[in-house]
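Chain by chain, the residues run as shown.
There are 2 protein chains.
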Amino acid sequence: MQFSTTKNDLIQAVSTVQKAVSTKSTLPILEGILFEASNEAITLLGTDMELGIKTRLEGTVKEEGSIVLSAKLISEIARKLPDGNVYFEKNNKNAVKITCNQSKFNVQGEAGEDFPKMPEVRGSEAIQIPRELFRSLIKETIFCVAKSENIPVLTGELLELENGEMKLVALDGYRLALRKGKINQGLSIKEIIPERTMMELYRLLSMKEEDLFVSTTKNQALFTIGETSMVSNLLQGEYINYKQIIPENATTKVKANTLELLASCERASLMARDGKNNLIKMHFNQGGLDIQSNSDMGDLNENLPVEMNGEPLKIAFNCNYFIDALKAISEEEVMLEFTTAVSPCVIRPVDGDYFIYLILPVRYIEHE
Amino acid sequence: MQFSTTKNDLIQAVSTVQKAVSTKSTLPILEGILFEASNEAITLLGTDMELGIKTRLEGTVKEEGSIVLSAKLISEIARKLPDGNVYFEKNNKNAVKITCNQSKFNVQGEAGEDFPKMPEVRGSEAIQIPRELFRSLIKETIFCVAKSENIPVLTGELLELENGEMKLVALDGYRLALRKGKINQGLSIKEIIPERTMMELYRLLSMKEEDLFVSTTKNQALFTIGETSMVSNLLQGEYINYKQIIPENATTKVKANTLELLASCERASLMARDGKNNLIKMHFNQGGLDIQSNSDMGDLNENLPVEMNGEPLKIAFNCNYFIDALKAISEEEVMLEFTTAVSPCVIRPVDGDYFIYLILPVRYIEHE
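These protein sequence lines are chains A and B, in that order.
Take the numbering used here: the final residue in the first sequence is number 368, and no numbers are missing along the way.
Take the numbering used here: the final residue in the second sequence is number 368, and no numbers are missing along the way.
Source of the hints: derived by calculation from the structure; they are not laboratory data.
There's no promise every hint is true.
Note that the list lumps identical chains together, so a pair holds whenever it fits in one copy or between two copies.
[Claimed, not checked] Quick list of in silico lysine to aspartate or glutamate cross-link-like pairs, DMTMM-like style, CA-CA up to 20 Å:
#1 Lys72 / Glu332
#2 Lys80 / Asp9
#3 Lys93 / Glu332
#4 Lys190 / Glu160
#5 Lys104 / Asp290
#6 Lys93 / Asp296
#7 Lys80 / Glu266
#8 Lys104 / Asp296
#9 Lys255 / Asp324
#10 Lys24 / Asp296
#11 Lys182 / Glu311
#12 Lys80 / Asp324
#13 Lys80 / Asp290
#14 Lys255 / Glu50
#15 Lys253 / Glu238
Just so you know, these numbers come straight off a predicted model, no measurement behind them.
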């Protein structure tokens, strides 16, 4: 194997595939990146067997071949190299000589043939999704993915593509996030994608400029962004029927300024740290919204002007859930909808239905 | 106690004193900040009994008094408050009401009278030192302070003020850093200041714009920067006579480009991680400087053009020590001076004597 590339291209390609690499694997070769030089291209591949990322390294191939190099080491070497052309040349002993100006590295590696193959996903027709849409939908929903593995399907996000609409749903038993966006395709997908895949996809989409193409088989999804592709296992099973837990016919509807409500909740959270609930009490009434929290350290009381329609209501929440949801909303104003003090709060846009956040209240006994 | 201030002034003053506050103290009151309102001023004080920082909070006092508030909590509250005027009002129960617009916090505190007094340092006449000079001298020497406490005086830095010159010295048994600068005063000080004090002083000097005034008693130093003052214990004992360990009469003198040498050492360090020594081998000869390092992962060889005078020399170092010293030097070129392969390397400026870094070599046996 013999090829040349540049320092910057090497840094780019290594950092693209590096996130799929195991940092601690029972199979040491998985801590490496497979470099493969063929007559067509140089490709880099990293995988931990659940997730694989493959990308193209720009360069000129002089001799075909492959080698596996420690991801951590090659990433550090790439960053520390002088600026300029970088020459890779494999010798017989699974080692590679990397030369750049007056620097000559000899790096021990492993045989490329020993690296596990990345599964070829030839599934459904690929669906094109605008990069920025997918990226923002991940960011605005992923915090609701369940941390516990009690219900395995909830450790992923539901991706629904149907009738020119894309939906991402995450829920953890206490709260739900749902975001929608328009796409220009009629093909359908309904799959549960592991949280880690979504995180890496978010990172990849932030690094790249091309749109995303998605296709799936029964067990796997293939995401392609320009010269980079990512293969991930899918979570098997039926996702929770989330539609039936979103309450309708609200009896109290409140329009609030998003940033002001967020700031109030953040102040309340400072005084709501006793126990596990981070309890914040809200009282919606004709005078606006009264917010209250208390702990051994003291208490907070404040009043926020809001526009209320319907019945006055006293209700309590884990204020961290409120904070997370409000942080994911960039709109100036939001609608809060309630039915009873023990039913979920639904947060919607003032116009449209392109997001829904749902938060279960906390029951509490009032000491007067 | 009753006073008003602004959100921004509160954030400033709290963050100034907060670094002296214990995060985990056997005396819980030391996790707090003392707020003291008198007819003249509002002052804030934080201390862990080894180090104390006091500053003035801008504001208007309506009623004198004092209280101790959790440093962590009041810092978070200050940051989360709405913009605007902030009113503090103590009630009878060692609690304070903090009001800002529609937000009302009730915060539990402790009696101001229970807070330990900060010692009044009335020592030598204060010496004025330019802020930026002291700040850069700390940064360029502090990494050589000993991490181990085997020799207690080496856990601090030696501060020498004499004949209009300021010197800071740090050494850890393997290396030494010495920096000098001119000041406009003839007074003398020779004291050993604990590393933590120097770190906090560096932080304070980075936040403020005024010059620094230093005065000392037998056991303590007082540093004053505008409205902020810091009292620190001094380390007792005789500092190592560092002058006698700096070799003279070098037989090999090398002029090198600082950044190029640093980059080479950083690359060499990637291949020098086996064992504890981070061994980098240097061979100074007519062809320049050959650098070599190796480990199980591979090896690095490179050649750096340098200007050499005197005897060729093979010598080895812990390359991290070289990297630390070179990072602290902003000059384009440096002089390296050697006598034998087992004597320290001295790094000096090409002109002048305003810094000296000294690094002990590592003995090694060459396998050819």
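Structure versus earlier hints, numbers of those that do not hold, lowest first: 1, 3, 11, 14 and 15
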